[in-house]
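Trainee: Going down the list, the sequences are from chains X and Z.
For the first sequence, my numbering gives the first residue as 61, with consecutive numbering after it.
For the second sequence, my numbering gives the first residue as 61, with consecutive numbering after it.
As a list, the in silico DSBU-like pairs of lysine-lysine whose alpha-carbon atoms are at most 35 Å apart:
{"hint": "1", "chain 1": "X", "residue 1": "K184", "chain 2": "X", "residue 2": "K398"}
{"hint": "2", "chain 1": "Z", "residue 1": "K342", "chain 2": "X", "residue 2": "K143"}
{"hint": "3", "chain 1": "X", "residue 1": "K344", "chain 2": "Z", "residue 2": "K114"}
{"hint": "4", "chain 1": "X", "residue 1": "K422", "chain 2": "Z", "residue 2": "K348"}
{"hint": "5", "chain 1": "X", "residue 1": "K157", "chain 2": "X", "residue 2": "K184"}
{"hint": "6", "chain 1": "X", "residue 1": "K65", "chain 2": "X", "residue 2": "K157"}
{"hint": "7", "chain 1": "X", "residue 1": "K114", "chain 2": "Z", "residue 2": "K290"}
{"hint": "8", "chain 1": "Z", "residue 1": "K348", "chain 2": "X", "residue 2": "K342"}
{"hint": "9", "chain 1": "Z", "residue 1": "K344", "chain 2": "X", "residue 2": "K343"}
{"hint": "10", "chain 1": "Z", "residue 1": "K288", "chain 2": "X", "residue 2": "K114"}
{"hint": "11", "chain 1": "X", "residue 1": "K288", "chain 2": "Z", "residue 2": "K158"}
{"hint": "12", "chain 1": "Z", "residue 1": "K114", "chain 2": "X", "residue 2": "K290"}
{"hint": "13", "chain 1": "Z", "residue 1": "K290", "chain 2": "X", "residue 2": "K122"}
{"hint": "14", "chain 1": "X", "residue 1": "K390", "chain 2": "X", "residue 2": "K143"}
{"hint": "15", "chain 1": "X", "residue 1": "K114", "chain 2": "Z", "residue 2": "K344"}
{"hint": "16", "chain 1": "X", "residue 1": "K348", "chain 2": "Z", "residue 2": "K114"}
{"hint": "17", "chain 1": "X", "residue 1": "K290", "chain 2": "Z", "residue 2": "K119"}
{"hint": "18", "chain 1": "Z", "residue 1": "K343", "chain 2": "X", "residue 2": "K143"}
{"hint": "19", "chain 1": "Z", "residue 1": "K290", "chain 2": "X", "residue 2": "K119"}
{"hint": "20", "chain 1": "Z", "residue 1": "K342", "chain 2": "X", "residue 2": "K114"}
{"hint": "21", "chain 1": "Z", "residue 1": "K343", "chain 2": "X", "residue 2": "K344"}
{"hint": "22", "chain 1": "X", "residue 1": "K398", "chain 2": "X", "residue 2": "K143"}
{"hint": "23", "chain 1": "Z", "residue 1": "K278", "chain 2": "Z", "residue 2": "K422"}
{"hint": "24", "chain 1": "Z", "residue 1": "K122", "chain 2": "X", "residue 2": "K288"}
{"hint": "25", "chain 1": "Z", "residue 1": "K158", "chain 2": "X", "residue 2": "K290"}
{"hint": "26", "chain 1": "X", "residue 1": "K119", "chain 2": "X", "residue 2": "K184"}
{"hint": "27", "chain 1": "Z", "residue 1": "K344", "chain 2": "X", "residue 2": "K342"}
{"hint": "28", "chain 1": "Z", "residue 1": "K143", "chain 2": "Z", "residue 2": "K383"}
{"hint": "29", "chain 1": "Z", "residue 1": "K288", "chain 2": "X", "residue 2": "K143"}
{"hint": "30", "chain 1": "X", "residue 1": "K143", "chain 2": "Z", "residue 2": "K344"}
{"hint": "31", "chain 1": "Z", "residue 1": "K348", "chain 2": "X", "residue 2": "K158"}
{"hint": "32", "chain 1": "Z", "residue 1": "K114", "chain 2": "X", "residue 2": "K342"}
{"hint": "33", "chain 1": "Z", "residue 1": "K288", "chain 2": "X", "residue 2": "K119"}
{"hint": "34", "chain 1": "Z", "residue 1": "K288", "chain 2": "X", "residue 2": "K122"}
{"hint": "35", "chain 1": "Z", "residue 1": "K343", "chain 2": "X", "residue 2": "K114"}
{"hint": "36", "chain 1": "Z", "residue 1": "K122", "chain 2": "X", "residue 2": "K290"}
{"hint": "37", "chain 1": "Z", "residue 1": "K288", "chain 2": "X", "residue 2": "K158"}
{"hint": "38", "chain 1": "Z", "residue 1": "K422", "chain 2": "X", "residue 2": "K348"}
What the hints contain is simulated information worked out from the structure, not anything from laboratory work.
There are 2 protein chains.
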Amino acid sequence: MSAIKGNAVVGQSGGPTSVINQSLVGVIEECHRAGHIDQLLGAQHGVRGIVDEKFIPLKSVKADLLERIAQTPAAALGSTRDKPDQAYCQRILESFKKHNVRYFFYIGGNDSADTARIVYELAKQAGHELSVFHIPKTIDNDLRVHDHCPGFGSAARFVAAAVMGDDRDNASLPGVKIDVIMGRNAGYLTAASVLARRREGDGPHLIYVPEAPLTEEKFLADVQAVYKAKNRCLVCVSEGVRVPGGQTWTETIASGLDVDAHKNVQLSGLGALGDHMADLVKKKLGIKRVRSDTFGYLQRSFPGFTSQVDSHEARWVAQQAVKWSGEPGKTEGSVAMKRVSDSPYKIELFLTPLSTVARETKSLEAAYIEGGNNITDAFARYARPLVGELPVIGTLDEI
Amino acid sequence: MSAIKGNAVVGQSGGPTSVINQSLVGVIEECHRAGHIDQLLGAQHGVRGIVDEKFIPLKSVKADLLERIAQTPAAALGSTRDKPDQAYCQRILESFKKHNVRYFFYIGGNDSADTARIVYELAKQAGHELSVFHIPKTIDNDLRVHDHCPGFGSAARFVAAAVMGDDRDNASLPGVKIDVIMGRNAGYLTAASVLARRREGDGPHLIYVPEAPLTEEKFLADVQAVYKAKNRCLVCVSEGVRVPGGQTWTETIASGLDVDAHKNVQLSGLGALGDHMADLVKKKLGIKRVRSDTFGYLQRSFPGFTSQVDSHEARWVAQQAVKWSGEPGKTEGSVAMKRVSDSPYKIELFLTPLSTVARETKSLEAAYIEGGNNITDAFARYARPLVGELPVIGTLDEI
Numbered sequence: 061m062s063a064i065k066g067n068a069v070v071g072q073s074g075g076p077t078s079v080i081n082q083s084l085v086g087v088i089e090e091c092h093r094a095g096h097i098d099q100l101l102g103a104q105h106g107v108r109g110i111v112d113e114k115f116i117p118l119k120s121v122k123a124d125l126l127e128r129i130a131q132t133p134a135a136a137l138g139s140t141r142d143k144p145d146q147a148y149c150q151r152i153l154e155s156f157k158k159h160n161v162r163y164f165f166y167i168g169g170n171d172s173a174d175t176a177r178i179v180y181e182l183a184k185q186a187g188h189e190l191s192v193f194h195i196p197k198t199i200d201n202d203l204r205v206h207d208h209c210p211g212f213g214s215a216a217r218f219v220a221a222a223v224m225g226d227d228r229d230n231a232s233l234p235g236v237k238i239d240v241i242m243g244r245n246a247g248y249l250t251a252a253s254v255l256a257r258r259r260e261g262d263g264p265h266l267i268y269v270p271e272a273p274l275t276e277e278k279f280l281a282d283v284q285a286v287y288k289a290k291n292r293c294l295v296c297v298s299e300g301v302r303v304p305g306g307q308t309w310t311e312t313i314a315s316g317l318d319v320d321a322h323k324n325v326q327l328s329g330l331g332a333l334g335d336h337m338a339d340l341v342k343k344k345l346g347i348k349r350v351r352s353d354t355f356g357y358l359q360r361s362f363p364g365f366t367s368q369v370d371s372h373e374a375r376w377v378a379q380q381a382v383k384w385s386g387e388p389g390k391t392e393g394s395v396a397m398k399r400v401s402d403s404p405y406k407i408e409l410f411l412t413p414l415s416t417v418a419r420e421t422k423s424l425e426a427a428y429i430e431g432g433n434n435i436t437d438a439f440a441r442y443a444r445p446l447v448g449e450l451p452v453i454g455t456l457d458e459i
Numbered sequence: 061m062s063a064i065k066g067n068a069v070v071g072q073s074g075g076p077t078s079v080i081n082q083s084l085v086g087v088i089e090e091c092h093r094a095g096h097i098d099q100l101l102g103a104q105h106g107v108r109g110i111v112d113e114k115f116i117p118l119k120s121v122k123a124d125l126l127e128r129i130a131q132t133p134a135a136a137l138g139s140t141r142d143k144p145d146q147a148y149c150q151r152i153l154e155s156f157k158k159h160n161v162r163y164f165f166y167i168g169g170n171d172s173a174d175t176a177r178i179v180y181e182l183a184k185q186a187g188h189e190l191s192v193f194h195i196p197k198t199i200d201n202d203l204r205v206h207d208h209c210p211g212f213g214s215a216a217r218f219v220a221a222a223v224m225g226d227d228r229d230n231a232s233l234p235g236v237k238i239d240v241i242m243g244r245n246a247g248y249l250t251a252a253s254v255l256a257r258r259r260e261g262d263g264p265h266l267i268y269v270p271e272a273p274l275t276e277e278k279f280l281a282d283v284q285a286v287y288k289a290k291n292r293c294l295v296c297v298s299e300g301v302r303v304p305g306g307q308t309w310t311e312t313i314a315s316g317l318d319v320d321a322h323k324n325v326q327l328s329g330l331g332a333l334g335d336h337m338a339d340l341v342k343k344k345l346g347i348k349r350v351r352s353d354t355f356g357y358l359q360r361s362f363p364g365f366t367s368q369v370d371s372h373e374a375r376w377v378a379q380q381a382v383k384w385s386g387e388p389g390k391t392e393g394s395v396a397m398k399r400v401s402d403s404p405y406k407i408e409l410f411l412t413p414l415s416t417v418a419r420e421t422k423s424l425e426a427a428y429i430e431g432g433n434n435i436t437d438a439f440a441r442y443a444r445p446l447v448g449e450l451p452v453i454g455t456l457d458e459i
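Extracted from the complex, chain X is given alone in its bound form (with noise of 0.2 Å):
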């Protein structure tokens, strides 16, 4: 039995990260090869492109230019916050079957895989013969069954290096300083903060992650803490940083928040908390000298310095996508890596049903956290092969 040939549909959804692309590039290079895909459609801003049928023709696209677009941060095709019920799945449908669309490559995170999967459901229930794949990307780095997923790696090294610069810069000018790191619910790219740290003494001397939940006092008490032994304290926090209780701290301080289609409120793209944790330190601690920066969308955005392991994946899960949509048996899941070892880093990739990914979330696991302001050596084995190299620092302490 060999697969239906037809149309391909691929698209990108959510926020993007700096290799969002790296994947859409992948499936474009696989469906070339691919003999089951006649056409292939790039639906601009994911799921409102395809209900719109506002389709860019990709397999013309010149061989150099995709390699300039691999390189090239955020989604190339335009993404969407889109969160599609029902109703809008079946005109996703009705689109697909007006153009013969019998492959749907869907790039983003849990919400995009759910979207797949009611897709996939509806075509079943309408007889339209037609394969889903999920193709794994965000820099949260909060899919179930997956080690891990695409964006996540080239996120974690902007911020472990990030953070590496900054820890020099707060050493050379004491204080406190906040740096305020991506992630709603889960902590993984913040706990990449740890990275940062080369030798004894080095920041971030606390870090702080949603699952963790953190009261004021705590906080002023371990800023004092460090701040006391070593006359400075780098703090790294998610901007989900929660109270006891499951409220943000963002949500305790701020009025008028946005709030998405997805029912979350803006963390991003806001100063608000890192502010705010800044003024506790000054007005309660007394210190001087207290900052904050809010890393905000660099982190996934930052061009020209992606973890090379990571945008190798980004387009390995994508091409891989593409071939398993050719071999029978293979119409729906999400393309996941399954980690063989740490060292030497080897991961083997697998297909896993959609619903095994859609909507619920992973968060940090516990034994990765450590006295609730701190991320354990566990967790920088498990990411230290997904960042790859960082940069070079000296200090003079090494003399």
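Assemble the complex: chain X is given as a structure, and chain Z must be docked to it using the hints.
Mentor: The following block gives chain Z in isolation, referenced to the frame of chain X:
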């Protein structure tokens, strides 16, 4: 007449840069070759370390560590925000006498040049033979006489790259994005965001510098016009952006801000300006997706992403300072760059009296500013050679 033999002190001052250690290493290397310098003492935390007699002997640092230090952002010796008055400078002189210091190399901005000038004058009055050299560094690029300053090119490269990536992110998920860039009085660094434009339509679409006062009305009208035409808008704005009359936007919105020893109000290390501008756009223009990022300290401390030209020049000016210190008649000055040509890019070094660089700073030339919201091609020609290679970008509209 040959130079007096004695010890030398090197110090680093003010806000660090990502290449300030290239200058430190340049001094160390050249002191090895210089016959007139016995010991080279590194002052910890600038002038503070001189008066506290906290010195590190630097001639013994091994070459491989020196190379790592050269690549490390932020002041390896530690920096200071102390702004010495006459009495403080007198204590510096006493320390120099005590340690037989005959050469003082001070890496810093205009304030450091002023300190260097005062110490030189005091030494002359006291009959203590002392040569004083200012080695320029500032990401603000605001030193008078100097064509440009070491530290600027790397910070500008970071800004240009960040904006290139952010522009793609903004195109992926359209809305209004506001990027706040360092620069209290001088708009050079914010102006460097213009280098992010590769093709017609690319952001940044609006660029605001402190030199062009900006009313709330003009800001909102500008954003509305761009958003109407493009369905998105990327704004780059200096942290020091001013309302007509001289007050910064930050001063008009924030209270309880830090004031440093130089009587500067804290503008960096907080997100208030970006949040305020984003809020304005949301509320007054009714645009839903509005985000801001404050690039913060990453601009001066991000490692592994420096400009090659900038790294080279930072070391070169420092080496030249030590060389000139051994030449007859050269007893004080700031090592400045003069641009011989743009293309091919060619620089010559010269020594300018400390008084010509001390205290006052320079602003972005009026000819580089266009319509109060844009930066000219002439500026791009000026800045491009300093920044060097920028990341590769490719977009699907290039098909």
